[in-house]
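With chain U held as given, fit chains Z and S onto it using these hints.
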Amino acid sequence: MAEMDEIQEMFFDECGELLEGLANGLRQMDQPGYDKETVHAVFRAVHSIKGGAAAFGLNDLVTFAHRFETVLDLLRSDRLEADPALMSIMHRSSDCLADLVTAARQSSEPDHAQREALLTELDRIMADGGDDDAIEFTPMVIDIGALDGEDPQPGLAGQAGFNIHFIPDGDLYRSGNEPAALFLALAKLGEAEIRVDSDFVPPLSDWSEDQPQLRWTIVLHTDCPADEIAEIFEFVEDCCELHVTPLTAEPDGPPEPDEISDSAPGDIPEPAQINPPEPAQTDSAKPSRPAAPGGDSGATIRVSLARVDRLMNMIGELVIKEAMLAQVIQTAGMSEDPDVLAGLDAIGQLAGDIQESVMAIRAQPLKLVFQRMHRIVREAADATGKQVSLITVGEETEVDKTMIERLIDPLTHMIRNSVDHGLEDGETRQARGKPAEGRITLSAAHRSGRVQIEVSDDGGGINRPKVREIAEERGLIAPGASLNPAEIDQLLFMPGFSSKTEVSALSGRGVGLDVVRREIMDLGGRVMIHSEIGQGTTFSIALPLTLAVLEGMLIQLCGETMVLPINAVQETMRANPSILHGVGQDGRLLSNRGDLIPIIDLAGEFGLRDSPATIEGGVLIVIEADNQKRSALLVDGIIDQRQVVIKSLEENYGHVPGVSAATILGDGKIALIIDPEEVVRTSSGDHDRAVPAAAAQG
Amino acid sequence: MTIRILAIDDSPTIRALVAKALRGAGFEVVLASDGVSGIESLQEAQPDLIITDINMPRMDGFRVIETVRADDRYSDVPILVLTTESGADLKARARRAGATAWIVKPFKDARLIAIINRVLGR
Amino acid sequence: MLQSMSHNTVGKSDVVAFKLAEQDFCIDIGLVREIRGWSPTTTLPHAPDYVKGVINLRGSVVTVVDLSARLGFGATTPSQRHVVIIAMHEERVVGLLADLVSDIVTVNDGSIQPVPDIALTHAREFITGMITFDDGQILRKIDLSQVLPIAREETA
Chain U
31 MAEMDEIQEM FFDECGELLE GLANGLRQMD QPGYDKETVH AVFRAVHSIK GGAAAFGLND
91 LVTFAHRFET VLDLLRSDRL EADPALMSIM HRSSDCLADL VTAARQSSEP DHAQREALLT
151 ELDRIMADGG DDDAIEFTPM VIDIGALDGE DPQPGLAGQA GFNIHFIPDG DLYRSGNEPA
211 ALFLALAKLG EAEIRVDSDF VPPLSDWSED QPQLRWTIVL HTDCPADEIA EIFEFVEDCC
271 ELHVTPLTAE PDGPPEPDEI SDSAPGDIPE PAQINPPEPA QTDSAKPSRP AAPGGDSGAT
331 IRVSLARVDR LMNMIGELVI KEAMLAQVIQ TAGMSEDPDV LAGLDAIGQL AGDIQESVMA
391 IRAQPLKLVF QRMHRIVREA ADATGKQVSL ITVGEETEVD KTMIERLIDP LTHMIRNSVD
451 HGLEDGETRQ ARGKPAEGRI TLSAAHRSGR VQIEVSDDGG GINRPKVREI AEERGLIAPG
511 ASLNPAEIDQ LLFMPGFSSK TEVSALSGRG VGLDVVRREI MDLGGRVMIH SEIGQGTTFS
571 IALPLTLAVL EGMLIQLCGE TMVLPINAVQ ETMRANPSIL HGVGQDGRLL SNRGDLIPII
631 DLAGEFGLRD SPATIEGGVL IVIEADNQKR SALLVDGIID QRQVVIKSLE ENYGHVPGVS
691 AATILGDGKI ALIIDPEEVV RTSSGDHDRA VPAAAAQG
Chain Z
77 MTIRILAIDD SPTIRALVAK ALRGAGFEVV LASDGVSGIE SLQEAQPDLI ITDINMPRMD
137 GFRVIETVRA DDRYSDVPIL VLTTESGADL KARARRAGAT AWIVKPFKDA RLIAIINRVL
197 GR
Chain S
13 MLQSMSHNTV GKSDVVAFKL AEQDFCIDIG LVREIRGWSP TTTLPHAPDY VKGVINLRGS
73 VVTVVDLSAR LGFGATTPSQ RHVVIIAMHE ERVVGLLADL VSDIVTVNDG SIQPVPDIAL
133 THAREFITGM ITFDDGQILR KIDLSQVLPI AREETA
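Just so you know, the protein sequences line up as chains U, Z and S, in that order. Each residue of the first sequence is one higher than the one before, starting from 31 at the first, in the numbering used here. Each residue of the second sequence is one higher than the one before, starting from 77 at the first, in the numbering used here. Each residue of the third sequence is one higher than the one before, starting from 13 at the first, in the numbering used here.
Do not rely on the hints blindly, as some may be mistaken.
As the list claims (entries may be wrong) - Just so you have them, the derived chain S footprint on chain U, three or more residues with Cβ under 8 angstroms:
no. : segment
1   : 665–679
2   : 700–713
Stated by the list, open to error - Just a sample of chain U residues kept apart from chain S, beta carbon distances all over 12 angstroms, derived:
no. : residue
3   : Pro114
4   : Ala190
5   : Leu398
6   : Ile406
7   : Gly463
Stated by the list, open to error - What the simulated footprint calls covered on chain U by chain Z, stretch by stretch (three residues with Cβ under 8 angstroms from a Cβ of chain Z suffice, anywhere in the stretch; the number is not a length):
no. : segment
8   : 265–277
9   : 373–382
10  : 439–446
11  : 480–494
Hints are computed from structural coordinates only; laboratory data are not their basis. Note that this is a predicted model, so its numbers are computed, not measured. Yeah, the Cβ is synthetic: ideal placement off N, Cα and C, and Gly gets one too.
Same shape as in the complex, but just chain U:
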């Protein structure tokens, strides 16, 4: 059943998109005067989840989606009004539906209490909505036996069977049905004798295409119950006259209406009479017109990430080959030829364009992450008893797909942090002349080749004296250390720091902003804080556009070229003796802005040379690694700064201490990408951890 599993996986993916559309649509419905089509789109989303869930027997999901959908149906038929109280339940139902999908996907147990409570609420709403005709829903259809299984016994004379009188009208033919097909289906139930009665066929002059006048009588010898015959005619029963009588009763007698004959009475078929009465039109049956704004996008195909990566690899290779070719041409003395130059140039341009296009395939809008945050805000607001609104800006900003998934945790935590610690409670806000409802803005934009994401609140700003006091209390800084405001703000990112004495139910899950910072660093980004007393706090995250590419500083070390991620680099300087201090036997420290920074001999760390290098003449790169600890890496020289494509080293080899990955340089050679965090962690300079870490510049 691998295919079924695959389709089920596809279903869960689809649920993700549907739930996103659902949450989005419900938010639009919070606004008065929303587009009516939004309700249809919301209804369709829940409806599709129900349909799929039923196919996989996910009963919890089906049951909940069905009731949710019923209420939405009342909404779309204007029998209910989207007032804030109802919308709150709709939002919570949407969250609950999302939880049920997650539970189904992970085969875990959902939160029954929450669901039961919501189901009760939904039932109450249905009752209030005067709902006497909620959507009729058949969870599972009748199992079909005779039609696709064993061959039915051919009927024998005298055996049970049915006499069937069948008079189709024009609609039957117009709906693509064919009497012959129906007879064939009947014949599969047993032995059928079919007779056509042409007595009612008018002379050709009176013939009307719209009014077929052929009638049939079928004698069917079968063991099958009457329902199976009814099922064959189920959908056409309104566009034909049908009389089914058991054979034993009156084999040749006139047709008598019975329980499965539901056509208009009377023997003479007048099409006008036979046509079913116009059913009362309800709004629920109204076709949904054009899609919700932004509801559907262009056509898409699903491609595995591995394929895109392979393409990316080949393009990287193309770029390298192109550079090599240019070099060969130059060596051959042909670089003066304008045709050769133009050709090379065009290839270079093309290769660059292709590379960009492939990177765009991996890119996805941040929308997915941003929309999740509405729920986080809602829950955080409930937990803290604060009123909070979330504004999102720049949801369409695109970042690498793999990055999107890894942004969810850090952003969730930052949002919770903002609600919990950033915003004041309603009373305090009003006392300060602010609206009681706090506001959090989540924004994203592309800025000079990077993605900038900001989480800002309009709260009271960072209480710096308090932060300082806590940091001193916990031994994170020396008492009385001289720190500027930005440095105090940075203390929030230190491990073990929590600005509330009591562990908050919300943010206090043993996760601090230090973890957020680490997660962002792992994505090749960095976090900055900006805070103004009384005005609020803004956390800014700067991320590379893709995880496949890294902005690196190319350094020279013992004849090897290596790459240092630029996001770790603070500053670089010549190793001038005046700024160096000896410590003990061979320990050396760099004096920089009042701090003493340990120097790490990178070549020694990597075992590239045995004797300690002479520092003088080398270049020192000050990096900010884990825990704001600064270190200076000693290298032979700095070559360049550029974007490099990241290649896995672990795939074919394994982990190399102090190295995160590799890249391929323009000449086709491999350069290793240094993992600054790990170099600092494993370096012998570890022993000065006790030295109070001075906060770094933002």
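Leaving out everything else, chains Z and S in the frame of chain U:
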């Protein structure tokens, strides 16, 4: 001759389930993700049978049926409605529009195939 | 191309024969992806001494193992004449540095003999069998899974 079926549904899951069932029974399958693209693919697909959902964005199933029936080239092609809905008024409406049969989702593969074979007279 | 010839007839298989420290070795041809000339490698910090470093193979990072050093014959000083046999073991790609590739030989599976106890001491653990020929030549068959580098083997 292979029988070609055009299946229109906005849910990729349902499309996959329908495709699996139909291909397993030896039918050729063309998929469309909404009414508009379903109608657009008629010309190229030249289906022997159409399966359509009712609730879909852009163009719903009723209009799909009406549009197909209004085109002389496809007015005889059987149209099977495959939907989670089972209200009598909706069924009647679909039939008036020209639907050939109605199947309620979730469906069993065997039942879907049986009904297809029935409307095709196989 | 090459790998499809691995088993041409029942009971027979093709091997790539190569030289290493004046001795003849071979590897199952099905494991060999290609044979390249030597090109300078990028050194891997903290790597075992038999790991020459990594090279770029059409966009992938491939480790080059100095087979001579791995088998205990001493480190090779590679030159233009040396070859790198690119082989694949399960999903891992590895380059094997050898002196030269001599031939592709079809061997009868029956002519593969177990390694004698006394022979080759250290190298024994990397050899799965010995193939003898009528002219007295001996091919030692390499066990690729054993020669693969283990990262941090000596630093852990």
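For each hint, the structure was consulted:
1. 665–679: It holds, with 3 qualifying residues against the three required.
2. 700–713: holds (count 3)
3. Pro114: Non-interface label on U/Pro114 holds, nearest chain S Cβ at 56 angstroms vs cutoff 12 angstroms.
4. Ala190: 64 angstroms, holds
5. Leu398: Holds: least Cβ distance 30 angstroms, greater than 12 angstroms.
6. Ile406: Since the minimum Cβ distance to chain S is about 39 angstroms, U/Ile406 lies beyond 12 angstroms and the statement holds.
7. Gly463: Its Cβ never comes within 12 angstroms of chain S, the nearest being 60 angstroms, so this holds.
8. 265–277: holds (count 4)
9. 373–382: Answer violated; 0 residues pass the 8 angstroms Cβ test.
10. 439–446: This one is violated; 0 residues, fewer than the three required, reach chain Z with a Cβ under 8 angstroms.
11. 480–494: Answer violated; 0 residues pass the 8 angstroms Cβ test.
Checked against the numbered hints above, the structure violates hints 9, 10 and 11; every other hint is satisfied.
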